[in-house]
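Q: Residue numbers (this note's numbering), protein chains in the order written: chain A, 49 to 338; chain B, 111 to 297.
Because the hints were derived from the structure by calculation, they are not lab data. It should be emphasised that the depicted structure is a prediction, and the values quoted were computed from it without experimental measurement. Quick reminder that beta carbons are idealized off the backbone N, C-alpha and C, glycines included. Incorrect hints may have been included.
Here are the simulated DSBU-like pairs of lysine-lysine, each with C-alpha atoms no more than 35 Å apart in a straight line [claimed, not checked]:
no. : chain 1 : residue 1 : chain 2 : residue 2
1   : A       : Lys160    : B       : Lys112
2   : B       : Lys270    : A       : Lys253
3   : A       : Lys76     : A       : Lys181
4   : A       : Lys160    : A       : Lys253
5   : A       : Lys160    : B       : Lys255
6   : B       : Lys266    : A       : Lys205
7   : A       : Lys191    : A       : Lys181
Selected chain A positions facing chain B (Cβ under 7 Å, derived; list incomplete) [claimed, not checked]:
no. : residue
8   : Glu82
9   : Thr98
10  : Ala143
11  : Tyr292
12  : Gly293
Simulated restraints on C-beta separations [what the hints assert, rightly or not]:
no. : chain 1 : residue 1 : chain 2 : residue 2 : range
13  : B       : Ser119    : A       : Gly266    : 51 to 59 Å
14  : B       : Leu290    : A       : Glu228    : 47 to 55 Å
15  : B       : Gln139    : A       : Ala143    : 27 to 35 Å
16  : B       : Lys277    : A       : Asp156    : 17 to 25 Å
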Amino acid sequence: MKYAYYPGCSLHSTASDYQQSIDSVFKKLSIELEEIEGWTCCGASAAHVTDDLLPLVLPAKDLLQAEKMGLEVLAPCAACYNRMRLTTHKLRENAELRRKVNQILRSDYEGKVKVRHISDVVVNEYGLEAIAKLLVKDLKGLKVACYYGCLSARPQKIVAFDDPVYPSYLDRLIQTLGGEAIEWPFKTECCGGSFSVSKKDVVLKLTHDLLDMAQDLGAEAIVVDCPLCQFNLDFRQEEVEKKYGAHFALPVFYFTQLLGVGLGLRGEELGLKKLNVDPFALLEKKNLRI
Amino acid sequence: MKITLGDHSRVFGKKISDMIGQNIDGCYQCGKCTAGCPIAYAMEVPPHEVIRLVQLGREEEALALHTIWLCASCETCTSRCPKNIDVAAAMDALRVLAFRQGQTGVEKEITLFHKLFLKVIERFGRVNDLQLMGRYNLLTLNPLKDWRLGRKLLAKGKLKLTTPPVKGLQEFQEIIKRVLAKRGEGA
């Protein structure tokens, strides 16, 4: 298995632990990633609110590269994944838009390359049965809330690879690892995403509601596959606690970190020290010395 | 809010319909978008009423709303609309028009963040969080905003003081220049 890799900006900064755990886990799974050379930002949350062509041109530039590599694109960030899927969809459907974008890029991009979210590749392509065979540690007794967020679920016709309202792919992965995924109603509610800086109150409220529900229903940790969700739930957690007089102390793992624990990888190979809410006490409690 | 049908025009509804590639008149105000909107609680006019204003051609009112900037693009509205109206795309179209007309004062911090985000990627090719936060804090006259968080991110190696230059940056900047030259011609 080999993919054209589009890490996206977060994986080089605030989600460098996600990147570390992907590197370590994919090595174990023998999934090869070839980084798209000179990749640039997809425009994320800003391009599509300020211009009509920019949010298509930015992803198309790197999709064009991937098309030349002859590989499917793998994106670990839900926002990048979403923008790239929307771009390929729009450029395939709309010849006039395609012409405009190609004129700007001075290219002949056709929108054919397929973009995959990392979780889709791990769970559906590599498969849970194959993963089960490689496991050396059991997450028995660990109760987590799998949180999917918005951008790998909606708009469902273009981006979803599971049920868009109540997906279960991360839940099934956690069960494969021996852990327990709680049933909860906020799997695809929004965390406020990119408003973390410019409209923090909204993010604090939405993340409070998520953390509160997860804790009420017995979750000991949260599992995510999006850097924006992870940042808001983990790095804003103390502020949420202070503002709402709550106590959560819920670690927020990238799914690749827990998968890595199951595969027997060490904490430093998975960037676990880079999490804000300390995950080590919980892992110790579950007899997971890492 | 109470919306009366007296004051209306076809021009604006048509403009937004053209931008999103579908006829926005298909919306029959069921309110399903609003019911699912995670940020409706903070909006002065809920999403379905924004669509109504667009249908009635009330451009000035629509573009002056906090609502259009508060939309987090979670796409719940778009996914649930029984008439398949792309409500999130309509919000984008309204914001694009507001940006073009320089009408960004109603949510200064949100719009500043978007502008700086694009400036930073134009300069570096990728998001540089330290640059983005630094510029944002300076321009909002709040230099110490999130300083604890910043310190923690630095300590954890999640913020980098310098980033290696992106290969092909100049070509990328040329591409952005060509987009900006096209701006306003419509997509």
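Q: Tell me the hint numbers this structure goes against, listed in increasing order.
A: Violated hints: 1, 4, 5, 6, 8, 10, 11 and 12; rest satisfied.
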